[in-house]
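J.: Generate coordinates for the entire structure from the input sequences, incorporating the hints supplied.
Residue numbers (the working numbering), protein chains in the order written: chain A, 14 to 646; chain B, 188 to 428.
In case anyone wonders, no lab produced these hints; they're calculated from the structure. The reader is advised that the hints may include incorrect statements.
Claimed, not checked - Dumping the calculated DMTMM-like pairs for lysine to aspartate or glutamate here, alpha-carbon to alpha-carbon at most 25 Å: (1) B/K246 - A/E44; (2) B/K297 - B/D415; (3) A/K15 - B/D300; (4) A/K418 - B/D299; (5) B/K418 - A/E44; (6) A/K294 - A/E273.
So you can see what is in the structure, the chains are spelled out below.
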Amino acid sequence: MKLLYKDLVKFIIDTPSIEELSDKLFQLGHEHEIENHIFDMELTPNRGDCLSLLGLARDLNTFYNTNLLVETYEEKIDSLDLDFINLSPNDCPKISFLELEIEDLPDKYHDYLENYFKILKVGKNNFFTDISNYISYELGQPTHCFDRIKLNGHISFESKECYSPFTTLLDTNIELKGNNCIFLNNNEIISLAGVMGGKSTACTKDTKKVLIECAYFNPESIIGKSIKYNLHSDAAHKFERGVDINSHEMVLRRFIKIVEQHAKIKNCKITSFNSKKISNKELPINLDRVNAILGTTISIDVFKNILERLGFNITSKIEVPSYRSDIISQNDVAEEIARVVGYDNIPSQTIVMSHTKKDNNKRNLIGIKSDLKNKGFYEVINFPFTSIENESSITLDNPLDSNKKNLRITLKESLIENLLYNERRQKDSIKLFEISDTYFNNNNNLEQNLKLGIIASGRVGHNYNNFSNKIDEAFLLDVFNSVFDDLDIAIEQIPRNNLDTKIKNNIFYLEIDLDKYQLNKAHVLNKEMDMEFRKYIPISEFPSSNRDFSFLIADYSKYDEVVETINKIKGMYLKDFFIFDFYKNEKNEEIKIGVRMIFQSNGKTLSDDDIKESISKILEPILSIEGVSVPGI
Amino acid sequence: MSSFNNINPPVLSDELGASHPINQVKDFLMNLLKDFGFNEVDGPEIESEEFNFDMLNIKKSHPARQMHDTFYVQNKSNLLRTHTSPVQIRSMLHSSPPLAYASAGKVYRKDDDATHLPMFHQVEGIYVDSEVNFAQLKDLIHKIIYAIFDEEVQIRFRPSYFPFTEPSAEVDILSENGKWLEILGCGIVNPIVLDNCNIDSNKYSGLAFGLGVERIAMLKYDIKDIRDFYKSNLDFLNQFK
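T.: Below, the structure written as structure tokens:
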């Protein structure tokens, strides 16, 4: 909700600065941003009463002297004889109507009204709808204006099953389905109650006679309708959060006043339909309870003063104002006190948790992860949504992607996708694992199994011992046996013929159901976490390039110096390097060291020239060592 | 001078892998809470409306229960939990105060954009005893935030709304660029929730809090895009050894 600073401070006699007002609004729990003297409020869903200038001003009355009375029409208003029946009073316990006719439409609006549309960039519609929108902004009560000339005969409100087309006043065609709260005129649906009126009875720029509906709808009767029909509706937003059931006369008198400020009124009549007497809620005064909830020693005088300034009537009980539908318990009262005192002003009390620690039987997986990590495996986490379906799949009713409407029964497909993703990024040694729940429909019992999936392909490693060794079944079995003892498992080779890849390395996969196995205690004990939060360096989406160099060390006495120099190499675009080969030529007493350098830029795809320029600088300190050469360079 | 025969291959360092950074942060937070005295509890990701909403005082009319916010499964018979709070409910139903539970895990919301994912992780804690109050909650939250960040960090409590706590608060920390960043939600357990769990709310009160693991991880590691966590990119994962 957006509102103008200057409109809000009109209610506040002290005229605080926008910064001060902002601080107070935050203290009261009304999160917002400010831009060009406009508050963009993000109100919590329990505070429907604050979705207006008046609502926020009522809350701010705790800090400032305010004038919460808006200018209203004070003359006697004739009673309207309206052929109306409320057939669903539980959905709409109170509804009022104002019939209004003017002589001529105004040429222009007063500044306060014009500025609302201009500065907040609200679109104008027609005279009466514009006032309706302004009143909703000012007072928080939505109203709907029917063109009186377009209404004939009997009007009713009811909640009923209806399946019919409906065209809104914004000319949107929707298909009503299921139960809806609707207004009918001679059995024709003229409004989707609490959401949006219909086109057939909508006001136009020529409308001079209107029937204004002002209602309280039960929030549960309105909730979800605007989303169901994809209608953006400020009225629905407010009705869903609750409006003030006792505000109708004030709101409609305010409506007349604004009309009167712009046009000569020919005719004005009002009526109200109450299904039952509506009295304000009452709570006992229980200061001890409130202090116990907050851990404070607030006095009764402060307690009463805060509540009275928030509009509560304090007698022998706390009478809750009709606009505060969120206040139902002493905890709610405690929150009111805390908001006004300020959460940050409530002193902390040292907490001593008195409960007895119990043995923690929950299986801890940190040990398994640690073992796999030490074997060079990386943990991944995947979303559980999949296209794969079988007889035990659990299906989402409302998936984000209709192609992935099932929950995983295995981790395999996700891990294959992860592997291919990294292969496309030139990774030649890929070792991944995931520990996650999988989901099964077992004769309508929805079950979860915790599984470990391990996938590996490519080189065993990058060092000179492993560089030439490819991952095979024996490797994975060795890894598995070092993590788990005495488990019979089947390692699966994933065929590549159905995968979108040209790489030939064998892919090996294994998956075990962790719920089925008694894990080796040594691997499930919680290990101390020594957390180090190093700042992340954003990764490049550009391709990397490898360059291999074989350094020939003719004078083996320089060997240590060469290795030390290699381990310190730095260069532009050099992302990584490792020694993948080591060879001692006994006959010539020469040593060869193979180094792979990986180049990548964060800003572009590297050209050969980019890499050559970087290489020449990287090689310089190594080749300056006497007796060191790179054959071929 | 050493002989040629004494030349040894270059020393190899282990080629280590890494736990996922989200799990590292989750484990860090859980270890922290266990040190405070919380017992770790776990629960299902596929939940009933009763445990995910009703028992937590989230009424039928609450927007969170709509199809556009929650993933429902098997003809709305169940749902993917939208928070870890039902774990606390299940635990409270099987115990009596004093109790202190912490839970962590995946939660799901029907959301997918640059700043929201359909799956993310939460860590939650609940403590119920006689005379638990808001001032104590503040003390605990300060201790948690100081342990995650440092004791110099500036903290702000502001009123908020959660159906399962009353009073409710959101807690912000002041970032280096002078902006307040939301870190966690907390509050005094709504007596309705205690009564739902057969705990006498006239005798006992509780405090509860919840943190978004991705949020904490992004702040601690200075990661700008939440989607990076779930690309499974080895260049990304390699930085969290």
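J.: Run every hint past the structure and note whether it holds.
T.: Outcome of the hint check:
1. B/K246 - A/E44: holds, 23 Å
2. B/K297 - B/D415: Holds. B/K297 to B/D415 sits at ~19 Å (cutoff 25 Å).
3. A/K15 - B/D300: The hint holds at about 24 Å.
4. A/K418 - B/D299: holds, 15 Å
5. B/K418 - A/E44: violated, 33 Å
6. A/K294 - A/E273: Violated. A/K294 to A/E273 sits at ~36 Å, over the 25 Å cutoff.
Taken one by one, the earlier hints fail for this structure at numbers 5, 6, listed in ascending order.
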